[in-house]
Amino acid sequence: MNARDDSKGGTVRAGYVRPLDIRHGRIDMGHGAGGRAAAQLIDEIFLAAFDNPWLRQGNDGAAFALPAGQRMVMATDAHVISPLFFPGGDIGALSVHGTVNDVAMMGATPLYLAASFILEEGFPLADLKRIVQSMAAAAREAGVPVITGDTKVVEQGKGDGVFISTTGVGVVPHGIDVSGANARPGDVILLSGTVGDHGVAVLSQRESLEFETTIVSDTAALHTLVAAMLAASPAIRVLRDPTRGGLATTLNEIAGQSGVGILLDEAAIPVKPEVDAACELLGLDPLYVANEGKLVAIVPPENADTVLAAMRAHPHGADAARIGVVQEDAHHFVQMNTRFGGRRVVDWLSGEQLPRIC
Amino acid sequence: MKYIDEFRDGDVARKIGERLRAEADPARQYSFMEFCGGHTHAISRYGVRELLPPNVRMIHGPGCPVCVLPIGRVDMAIGLALERGAIVCTYGDTMRVPASDNLSLTKAKARGGDIRMVYSATDALTVARDNPGREVVFFAIGFETTTPPTALAILRAQREELENFSVLCCHVLTPSAITHILESPEVRRYGTVPIDGFVGPAHVSIVIGSGPYEHFAEEYRKPVVIAGFEPLDVMQAILMLVRQVNEGRAHVENEFSRAVDRDGNLGAQQKVSEVFELRPTFEWRGLGEVPYSALKIRPAFAQFDAERRFGLGYTPVADNKACECGAILRGVKQPTDCRIFGTVCTPENPVGSCMVSSEGACAAHYAYGRFRSV
Chain F
1 MNARDDSKGG TVRAGYVRPL DIRHGRIDMG HGAGGRAAAQ LIDEIFLAAF
51 DNPWLRQGND GAAFALPAGQ RMVMATDAHV ISPLFFPGGD IGALSVHGTV
101 NDVAMMGATP LYLAASFILE EGFPLADLKR IVQSMAAAAR EAGVPVITGD
151 TKVVEQGKGD GVFISTTGVG VVPHGIDVSG ANARPGDVIL LSGTVGDHGV
201 AVLSQRESLE FETTIVSDTA ALHTLVAAML AASPAIRVLR DPTRGGLATT
251 LNEIAGQSGV GILLDEAAIP VKPEVDAACE LLGLDPLYVA NEGKLVAIVP
301 PENADTVLAA MRAHPHGADA ARIGVVQEDA HHFVQMNTRF GGRRVVDWLS
351 GEQLPRIC
Chain D
1 MKYIDEFRDG DVARKIGERL RAEADPARQY SFMEFCGGHT HAISRYGVRE
51 LLPPNVRMIH GPGCPVCVLP IGRVDMAIGL ALERGAIVCT YGDTMRVPAS
101 DNLSLTKAKA RGGDIRMVYS ATDALTVARD NPGREVVFFA IGFETTTPPT
151 ALAILRAQRE ELENFSVLCC HVLTPSAITH ILESPEVRRY GTVPIDGFVG
201 PAHVSIVIGS GPYEHFAEEY RKPVVIAGFE PLDVMQAILM LVRQVNEGRA
251 HVENEFSRAV DRDGNLGAQQ KVSEVFELRP TFEWRGLGEV PYSALKIRPA
301 FAQFDAERRF GLGYTPVADN KACECGAILR GVKQPTDCRI FGTVCTPENP
351 VGSCMVSSEG ACAAHYAYGR FRSV
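In the order they appear, the protein sequences are chains F and D. First residue of the first sequence: 1, per this note's numbering; consecutive thereafter. First residue of the second sequence: 1, per this note's numbering; consecutive thereafter.
Treat the hints with care, since some could be wrong.
Said to hold, decoys possible - Pairwise CB distance ranges (calculated):
| no. | chain 1 | residue 1 | chain 2 | residue 2 | range |
| --- | --- | --- | --- | --- | --- |
| 1 | D | GLU186 | F | GLY157 | 38 to 48 Å |
| 2 | D | ARG372 | F | LEU281 | 28 to 38 Å |
| 3 | D | ASP130 | F | ASP319 | 19 to 29 Å |
| 4 | F | LEU281 | D | ASN102 | 26 to 36 Å |
| 5 | D | ASN320 | F | LEU281 | 33 to 43 Å |
Source of the hints: derived by calculation from the structure; they are not laboratory data. The C-beta atom is built at its ideal place from N, Cα and C for all residues, glycine as well.
Isolated chain D, as found in the complex (with noise of 0.2 Å):
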């Protein structure tokens, strides 16, 4: 395949690999944060891992989109369907999430529930049009990236008059997820997650560009490299961040310049301002309430907003106990450190949100890694 194979082929990988073991100073231990579950899941899949030195570890950070939904906002979109008779619309994964009561949408659906799964934002707005007597609602998840195009459904929703259509707004936000876990205690006091750099968003920094990153590199002398989602995009920021480490400096670096400028996609950025506003806090799962780290809907377009239209209100719902997802999300654990972890928690059973996407810590270990752990 044009323009991807390049990016995993195998003799390239090799080469960057002797690099990194000729550059990484074997005494000292380097560790970096992948955010993005894209990352994570290119790492597993393509094996990432075996073609680094043993001194240069990867912590997956908290990008998985359905990994950091909290558990009572998957029961808001359950009882959509379940008790208001909506139409719930989302994106694939996010059908596998747990929630209360041992459901998920998936679970939901069996019971009766017309949830659908949708490719893109667009296709709520046709299921909104096919079906003028119910109420469509697009459960909308994930981070800058899939942000835009929710917009753009609120748009064109408003210009088509459509009045069965809202949106369950659960939108995140990248840079004050990182801040969170540099201002964490582990990280900031304890030094119990030594970060010394990141490897920065691939889609996400299309849209926002690698500007809002400057300020990690600077007020927290991190570095951040941001990279592409094909394992060799992955291979050479690791190497680009162990030289800024070698060298002692802290600089956001572009290796995915192929898509990413410094300011982003400002036709994107200006739409969804046009329709969303911060919220002053949003519930993590995992990182817990994280100040300024979503948006909604602004009251202008209220009448697309579910929670304003249905008159929703947000009950916090807390993780299983033994589920270690908040620490491996804040890169504290692993996931063979959780006792749950491959027994009661596995892929057909996911008891935390990690284990729900390939692109979660745990699931990306359990289905591409464990052979290392046993």
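One chain only, chain F, in its complex shape (with noise of 0.2 Å):
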């Protein structure tokens, strides 16, 4: 008997599920139950996007070789940012270079990523389909597959949309021992370029703020930057992207882990003039606004000049800059000698960076 009989209704096509629709279609609570409908919102949003060998088996976890030998690096990030979508990237790509940067940060190359999605009941398909096309379009950029990952669906106002959790393993290669504990005294510190760019970006589009501009976030992997860097000099003792918080805060965590104190040349600090003119307006300081696709880098004086010459000449180093020095500190402070002439600490950031009010 013939299965298709276009004649009769109510007839089984074996193997047939009705595409998702994507236009039109919401998650629901469904999609996070773990049964057919959860397996088709894999197949067809995930599975789609990210193809690769490990994904394919459809196995709960992935088994992967590692090079022998080396040591590995593990690092995990959270992802949560309001608005999803914003200039010059969106939560998707955001939570690769995230991860991407945090493995690369440890002087590794990055290899695998895992994700985990929290998908808020409601949330347009169209939108988590964007979202996720332009994880894995990060993803293949940065030549590190997504290998393994999980999906949770939670009820209307219980998440903000989408939440994405990424880890990423890499392996250290030989000689290479970075921390932000190895900062000493009269080591160079190095900036990749324009502090403020993706902080500025994604206030332009908050709600109550709503301001033009044509900034557009740095989010980017930083990894390759790193290897060229490391491939420079091998010495590079300090590397970390300065994300939340900013510049201000990255280098207090590390003056903080090497017991040391910082002197910075404000002159130097790469800002860009519309995130100068932004940051005026809305009462912040560029110094503490985040990034998410710059990285300093803190070196021996003698190694200083062939790092930062291979950071310009990578493009995510053009404006690559020196911008101060590790001094010896009792106290952890940064400082920094103003461009008007003084001196002031650059402190860490109390609280939410707020507006002041006159």
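With the hints as a guide, bring the two chains together.
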């Protein structure tokens, strides 16, 4: 008997699943229940975008080989951002770049990613697809595949559209020892480019602010920049990407970890005029505004020029600059010679950065 | 940045610094109070102190809007959010001002209060329009700079017949605070706080003009130089003050002539007097009750007055005993004179209000200048 008899209703086509209605569909609780709807969501949105041999095996985890004898690095990063789409990127690309960079800042070569998604009931499938495709594109561009993942759905009002958590693994080549605790007095501090771009791009889209700007987020995977820098000089002591809390917070972390002081030269820190202007208007300080495609490197003075040249030769380090030095300081202060000719502390960010009133 | 970088030029700053060193009489001390938190912030952030001769001392004044907000007022706002279920909207820095029961608006928000940070009074109106079923209260704080926008919001709410919008008015007045400092025993009787002159407010003066300061110059023989909030403005104003002192003059001079004139913004003043009237007395954190130093909403706009609308009474709450904010706001003490500065009281856990905003003397010193005190 022929199962495909179009003249009658109610016949069954073996293996047929009606495709998701991406245009109008929304996440519902069923997508998180582990049944057929969940499997379909994974197939049509996640597997379709991330497609690779590990995912295709359909296991709950992924097995992979590692180069023998090298130290492994593992890093994880949870991504919550509002709005989900912003000039220059979205939460998908960000969730790949953030973790790739965390692995790279250990001096490691990132190899694989795992991703988990917490989706809010009612979230449009079209937006989810756009985010996952952007994430897959970022992973492909970085050459770091997403090889395992998970999805959960929470009731409406209990999430903010989508939260993405990613974990990355990588390996550290022999002879590399990068850590926030390695800075020593006399070392030189290098910055890979302008600060504040990401934070200002995101703020410009916030509902309560909405100002027009040409600034786009700097979100980018920095592992190839790191590889070029380490190739130029394996003596690099510290690498860190100044994300939340900005450059100021990152340098305070390093000063504390290494037990040193830091002296910055304000005039040497690159800030785009548009970012400077937006910060001026909003009462923010660019040194505390987030970046997603910048890194700070601390290197011995004799290697500074070589590393700086390698940074400037890379597309993500074209505006790299020497911004300060590490010095002895029992109080671990980050200080700055201001462009104005004075000196001040560049402190930790306390609480949220809130605009002043006057 | 055009029109900004010009006022932050290090070369010009050095030249003014040289003039100051040449003109300040090494045989005497100069003490000037910068009234405004905006100036305190500029002095600290740009490191202006390094460029001043050692005998020119700046005293931080009480002109930091969140610093002078008494605990009892923040308690009122918190009560509206937590007990009355109102949406409370306020400006950024206000969120962190410490209140009773170890609360602040930020902490009350974490306890479920619907408290929202807004960039302007009109944003609070938008919140009211978007939430017709809820009471929306704008917790209005600040000096003459932020008062006209509150007046406009109330006038617009009246025009739109918005029924769920009201204002918890805590606007305060600069001239009465300056009088209070000049009349304080430390300045007037004991002379323990030597004030040789004032760096006058920037944005406040755009609204009220330079006229209101003439009284201080004449009556108390204190020179006032109104200055913009950029670091070069401050340096230039200090030089002008040194010159007045050297010449024995006590005049109101205007360094900020690109924005301030004698009369101020008459349109804004008219809106303010249409909506607000003087309070006979108002408690300032640090200064205590100061007569005729704050505004309340006129009876004609009673429905927009959160105090009337919710039948709120004011309960004064004493500051932490160890906190020296009061003396610091009057210029009697410096942040480092306080026993809990930098230990119990830090920007993460402010005990006193001066540790909250980067305009506050303690927070500014902690965040930008504490390397000098170790």
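Each hint, compared with the structure:
{"no.": "1", "hint": "D:GLU186 / F:GLY157: 38 to 48 Å", "verdict": "55 Å, violated"}
{"no.": "2", "hint": "D:ARG372 / F:LEU281: 28 to 38 Å", "verdict": "31 Å, holds"}
{"no.": "3", "hint": "D:ASP130 / F:ASP319: 19 to 29 Å", "verdict": "42 Å, violated"}
{"no.": "4", "hint": "F:LEU281 / D:ASN102: 26 to 36 Å", "verdict": "34 Å, holds"}
{"no.": "5", "hint": "D:ASN320 / F:LEU281: 33 to 43 Å", "verdict": "36 Å, holds"}
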